[in-house]
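Number of protein chains: 4
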Amino acid sequence: MTQSPVLPGHMLCLDDYAQGAKSRVEAGVWAWLEGGSGDLSARKREAEALAAHAIVPRVLADAAGGSTRLRLLGHDLAHPVILAPVGYHALVHPQGELATAAGALDTVLTVSTMASRPVEDIAHVAEGPVWFQLYTQPSRGDTLALIRRAEAAGCGALMVTLDTPVQPAGLSAMRAGFAMPQGVRAVHLDGITAPAPVAGHWYNPVLNPLTAAAPTWDDARWLREVTDLPLIAKGVAHPDDARRLIDLGWDAVALSTHGGRALAAVAAPLRLLPAMRAALGPDVPILLDGAIRTGADVFCALALGANAVMIGRPQLHALAVGGSLGVAHMLKLLREELELTMVLAGCPTIASITPAALMPV
Amino acid sequence: MTQSPVLPGHMLCLDDYAQGAKSRVEAGVWAWLEGGSGDLSARKREAEALAAHAIVPRVLADAAGGSTRLRLLGHDLAHPVILAPVGYHALVHPQGELATAAGALDTVLTVSTMASRPVEDIAHVAEGPVWFQLYTQPSRGDTLALIRRAEAAGCGALMVTLDTPVQPAGLSAMRAGFAMPQGVRAVHLDGITAPAPVAGHWYNPVLNPLTAAAPTWDDARWLREVTDLPLIAKGVAHPDDARRLIDLGWDAVALSTHGGRALAAVAAPLRLLPAMRAALGPDVPILLDGAIRTGADVFCALALGANAVMIGRPQLHALAVGGSLGVAHMLKLLREELELTMVLAGCPTIASITPAALMPV
Amino acid sequence: MTQSPVLPGHMLCLDDYAQGAKSRVEAGVWAWLEGGSGDLSARKREAEALAAHAIVPRVLADAAGGSTRLRLLGHDLAHPVILAPVGYHALVHPQGELATAAGALDTVLTVSTMASRPVEDIAHVAEGPVWFQLYTQPSRGDTLALIRRAEAAGCGALMVTLDTPVQPAGLSAMRAGFAMPQGVRAVHLDGITAPAPVAGHWYNPVLNPLTAAAPTWDDARWLREVTDLPLIAKGVAHPDDARRLIDLGWDAVALSTHGGRALAAVAAPLRLLPAMRAALGPDVPILLDGAIRTGADVFCALALGANAVMIGRPQLHALAVGGSLGVAHMLKLLREELELTMVLAGCPTIASITPAALMPV
Amino acid sequence: MTQSPVLPGHMLCLDDYAQGAKSRVEAGVWAWLEGGSGDLSARKREAEALAAHAIVPRVLADAAGGSTRLRLLGHDLAHPVILAPVGYHALVHPQGELATAAGALDTVLTVSTMASRPVEDIAHVAEGPVWFQLYTQPSRGDTLALIRRAEAAGCGALMVTLDTPVQPAGLSAMRAGFAMPQGVRAVHLDGITAPAPVAGHWYNPVLNPLTAAAPTWDDARWLREVTDLPLIAKGVAHPDDARRLIDLGWDAVALSTHGGRALAAVAAPLRLLPAMRAALGPDVPILLDGAIRTGADVFCALALGANAVMIGRPQLHALAVGGSLGVAHMLKLLREELELTMVLAGCPTIASITPAALMPV
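Residue numbers (full-length UniProt numbering), protein chains in the order written: chain H, 1 to 361; chain G, 1 to 361; chain C, 1 to 361; chain E, 1 to 361.
I should point out that these hints are in silico values taken from the structure, not numbers from a laboratory. Just to be clear, a hint being listed does not mean it is correct.
Chain copies aren't distinguished; within one or between two, either way the pair holds.
As the list claims (entries may be wrong) - List of simulated lysine-lysine pairs, DSSO-like, C-alpha gap at most 30 Å:
id : residue 1 : residue 2
1  : K332      : K22
2  : K44       : K332
3  : K22       : K44
Bear in mind that the values here come from a model prediction, so they are computed numbers and not experimental data.
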């Protein structure tokens with residue numbers, strides 16, 4: 001892994017960072033990073049769903065006073081692009097999540113349970129808000145300990161991942177013989193005895209301990225009781241599930257395919273978004289995760305009902321290419337593309353981005 | 001043909017077995033195995049039909065008590081993946097169908113009329129149920145003799161192939177100059193004088209003896225009279241044909257394109273499945289055959305109305321790569337993928353898999 | 001150009017003949033033969049229209065008494081595959097249309113105005129019916145002379161091409177520098193002074209003599225008056241045009257894109273076929289021309305309303321590969337594929353092939 | 001850059017000119033010319049929208065008196081193909097726009113604000129009408145000076161570009177390191193102090209001076225007051241915006257994606273055209289710009305509601321390949337293709353081209 005001391009000059013869009021990262025990280029790490037469950041069709045479907053929408057330009061609209069600012073779960077944010085939880089940043093940068101946090105200007109950083117650095121240290125260096133992504137553990141005591149650490153570190157919300165009661169194997173990483181390098185581990189799990197989160201290919205998921213330890217509706221109620229932090233349900237897809245969680249007191253939902261690492265033949269979150277917004281009404285925050293790579297993608301997600309989007313792999317792409325500066329620049333690119341799209345679509349504010357701005361391709 | 005003494009380690013999905021088999025079997029055998037009628041569009045259409053559906057995940061569902069078990073035509077089965085009838089297993093393994101049977105753990109093995117080993121021997125080594133696939137012969141006496149052999153061997157059902165009153169030529173096998181090797185033959189046809197089942201390219205199908213010997217509705221009635229075994233109609237596509245067979249006392253239908261070896265421009269069985277289920281009501285077992293390669297494919301077929309699926313070519317792929325162990329492992333992979341899909345889709349039992357779990361891509 | 005003394009053994013479908021011809025004819029001739037107007041999208045659209053339909057198999061139907069025979073414009077034909085008019089057969093075989101006629105067993109041969117051999121000679125060697133394709137000439141006297149020759153030669157119908165009042169240039173032939181070889185010419189035009197039928201790229205089609213000489217509705221009436229032969233309108237696409245011609249006493253229509261040599265962005269005839277059948281009722285013969293390469297294609301066209309199909313380029317492919325024998329074999333392949341499709345679709349007669357046999361892919 | 005003294009003989013369609021230009025212009029210029037914003041999907045969408053329509057041929061229509069002539073904004077034009085404004089013709093030809101003007105026979109030349117030659121000189125050599133494309137400047141005085149120059153030069157209309165209040169960066173030109181060569185500049189901007197029209201990748205478009213200087217509805221009213229020239233609104237997409245401009249006294253609209261250089265995920269203008277025509281009624285001229293490369297494309301745009309089309313890049317392709325003669329020939333090719341399409345579609349006049357001539361592919 002080579003770190004550029006200065007930002008390479010030809011990073012003009014997020015795809016440039018992806019290409020740049022591919023040539024910089026080890027093959028096994030790349031296989032892990034880009035992989036997913038099954039035939040990777042989830043990521044393809046996400047991209048196709050975005051590409052199926054076109055934007056209708058508007059002219060002569062006064063952009064004065066325009067802004068990408070929004071209020072979300074108690075935070076005033078400069079723009080609607082949030083850093084999704086991604087594990088093991090140390091795989092692509094010696095400082096891991098600390099480097100990411102230093103570049104996460106003007107946005108929320110969501111620290112993964114599988115982070116390679118402790119949430120306390122990350123929150124210390126982050127300038128913006130920090131959220132904590134929670135995998136519930138087989139023992140409620142362990143889960144509660146993680147929650148208390150996140151609260152103590154000053155995290156602004158808990159994003160609870162619900163879409164992987166069992167985690168499918170990533171075939172490309174297995175083919176590449178990827179193994180976690182010496183010194184890289186999920187530090188939050190120190191001392192927690194848990195089944196391995198990535199299963200081999202001989203286990204029986206319905207009957208093995210992992211499924212037995214998967215969170216249930218009872219756990220959802222318990223989580224709401226044990227913390228006052230806003231609870232974001234990550235990986236919810238069906239409006240009925242989302243509605244039920246909101247009725248239990250949860251605060252927001254994040255549509256996601258877990259980076260294509262959960263259900264292989266999953267429906268694209270963007271396709272589910274309009275029904276989700278209709279089910280939850282205008283006031284429940286909805287985050288959209290999945291294949292967001294341009295400002296037009298962000299715009300499209302917002303038009304279809306999302307309050308904000310999350311980006312996953314581009315964080316590590318940028319981190320691998322340019323360290324903290326890369327992360328900051330990557331975010332800046334995306335944000336500027338969004339601003340440009342808003343101007344050309346005649347939508348000077350986040351609130352003005354509605355389905356009326358879109359038509360089918 | 002090389003047989004691996006132990007299972008190669010990189011067999012992570014059914015496509016891996018297909019790739020592995022391609023490099024292990026002779027070119028002529030591969031051309032025969034992968035070939036089909038016409039331009040092979042039937043197989044392409046089957047895969048496209050599966051890819052047109054996406055699964056909507058559910059969260060927090062309690063998977064306790066979940067299982068892939070089902071009851072089908074009098075059998076208690078561990079999972080809904082059945083081995084379709086495929087001829088000439090000896091082309092890829094010295095022990096032929098005996099090797100397959102030894103690996104067919106926890107499932108039904110359907111012995112083809114064109115098997116290279118006798119049904120009696122196969123049934124003897126098989127641990128699970130055995131069915132017999134029947135091609136009706138020009139002489140009812142010959143047909144009856146086959147039925148009596150199947151009954152005596154303990155077969156649990158007769159799967160009668162109806163989709164090839166005349167069998168189209170497989171162009172790729174002809175181009176590859178494929179000829180059945182010395183010592184490989186359809187042993188059940190010993191002593192039966194029949195027109196060659198694969199026609200050359202100068203015959204006239206409408207007028208030649210093959211069509212004259214094709215089964216008719218009168219034969220369907222006769223078959224129901226001469227045996228008490230459950231009768232499964234293989235290759236039925238139209239709801240009216242299926243309804244009529246059930247009314248005649250047949251027990252189940254299997255939608256199939258005959259591996260893309262019958263009608264070249266055939267409709268994908270998956271597209272026909274919902275209308276078939278609607279026509280037959282909830283109680284008639286429907287099997288779905290065609291391009292099933294992943295657990296998500298199985299899930300999709302079940303959601304659209306199938307009770308179980310059948311897999312064909314993957315049997316020979318796995319047999320070529322790893323013998324009996326390969327077959328067992330291939331089934332295990334598919335079964336685990338199905339279980340995982342069920343957990344992530346919130347459908348802990350076979351009965352809970354319904355059309356509501358799907359949406360168009 | 002090499003002529004095989006015997007039929008090459010690997011000609012298993014019409015695409016094989018196309019591939020075989022490509023390696024046997026000169027590059028310039030191939031460019032002329034395979035070319036068309038504009039970007040060749042017409043041929044692509046024709047093939048896509050066929051591929052958009054799937055056939056629903058039927059089982060247990062009694063094929064006894066089945067046949068591909070039909071009655072068409074006074075002829076009893078063995079099957080519904082007719083040889084479309086194609087010019088200049090001498091480009092791929094020394095005997096030109098005479099060789100084609102000798103191989104046109106059991107079908108109608110349509111002699112082009114642009115044939116390289118006289119209709120009298122072709123009709124003399126043809127075993128089956130011969131029709132004459134007519135391009136109206138600038139002088140009605142010249143046109144009438146062609147009609148009288150066709151009548152005297154015993155032609156059974158006149159197929160009048162209406163889709164090219166002006167003929168677009170074929171770009172691939174121009175790029176290949178194709179020029180008609182010494183000794184190959186449209187012999188029926190000897191003595192007729194006409195504008196060159198293929199225009200260069202500097203002319204002005206709306207104003208030049210070609211358009212002025214294009215046939216009009218007045219010519220359609222005149223043609224009906226001057227001959228008692230059945231009149232087939234080739235290249236009609238709009239139901240209103242077809243209805244009007246039938247009302248004028250014309251006998252049949254042939255949907256065609258002129259082999260993709262007329263309107264570049266033309267609608268696929270197959271897409272127009274259902275509306276055409278609806279407009280003309282059940283009794284007016286409709287021929288379908290365009291991209292028919294398999295028996296399933298023939299079946300599809302018949303199911304959507306055609307009485308018969310025409311094939312163009314495959315004649316020259318087969319002629320180039322195997323001379324008369326090639327033509328006969330190519331027709332046999334197509335006919336057998338059709339018969340096979342009929343058996344598997346449960347449609348033992350031409351009349352039993354209806355839209356109910358199809359569904360969208 | 002090499003200039004052919006005579007026209008290369010193999011230029012048979014507009015794609016030939018594109019291919020020819022690619023081999024003649026410098027890589028950096030090509031990257032600039034062919035580039036656009038984002039992933040260039042705008043151009044792909046434009047081409048796909050055209051390809052989604054097919055033309056239904058008509059037969060026996062009398063083409064006598066047919067013509068491509070039309071009346072548009074006070075001009076009698078020989079055909080409906082207009083030269084869109086394109087900047088910096090000097091990049092591909094030493095005489096720049098003067099060479100284009102000399103080849104712009106029988107059509108309107110639209111001079112860009114970013115032209116490399118002054119509008120006065122261009123208008124002097126042009127044989128047909130000249131329009132001026134206006135980018136409003138931050139200072140109304142500067143804008144007015146440009147208008148007065150256009151009026152004085154005899155321009156027949158002002159085409160005001162509204163789709164780029166901020167101009168996105170062209171990534172391919174930036175990657176190619178393209179910089180405007182010595183001696184090539186936008187001469188009309190001499191003495192105008194303006195923000196750089198192409199922004200780098202660190203600016204903030206919503207807040208920076210460019211957006212502040214973008215035209216608003218107040219400017220639209222002011223423009224209508226200060227000139228009597230017909231005003232054409234370029235880049236309008238939404239019917240409401242167009243209707244409002246017409247109500248303010250503007251004269252026409254031009255649907256355009258700015259050559260794919262504005263909104264990256266933009267809707268194809270052809271898709272917007274029917275709604276635009278419905279909103280504006282039959283009398284307001286609508287121009288369609290975008291991916292027009294064949295006569296069938298022109299026909300399709302006219303059928304869906306456009307009065308005329310504009311072509312952009314093909315001007316520079318033809319200029320690079322054949323100078324003035326190339327431009328003239330390229331226009332002749334497109335015009336003849338249109339005439340041919342009209343004849344084969346049975347639409348002998350521009351007015352007779354209606355949606356009835358089209359059907360979906």
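Verification of the supplied hints:
1. K332 with K22: Cα proximity of K332 and K22: one copy only (21 Å, versus 34 Å across).
2. K44 with K332: For K44 and K332, both the intra-copy (25 Å) and inter-copy (27 Å) Cα distances are at most 30 Å.
3. K22 with K44: both (18 Å within a copy, 27 Å between copies)
Against the hints set out earlier in the document, no violation occurs for any number.
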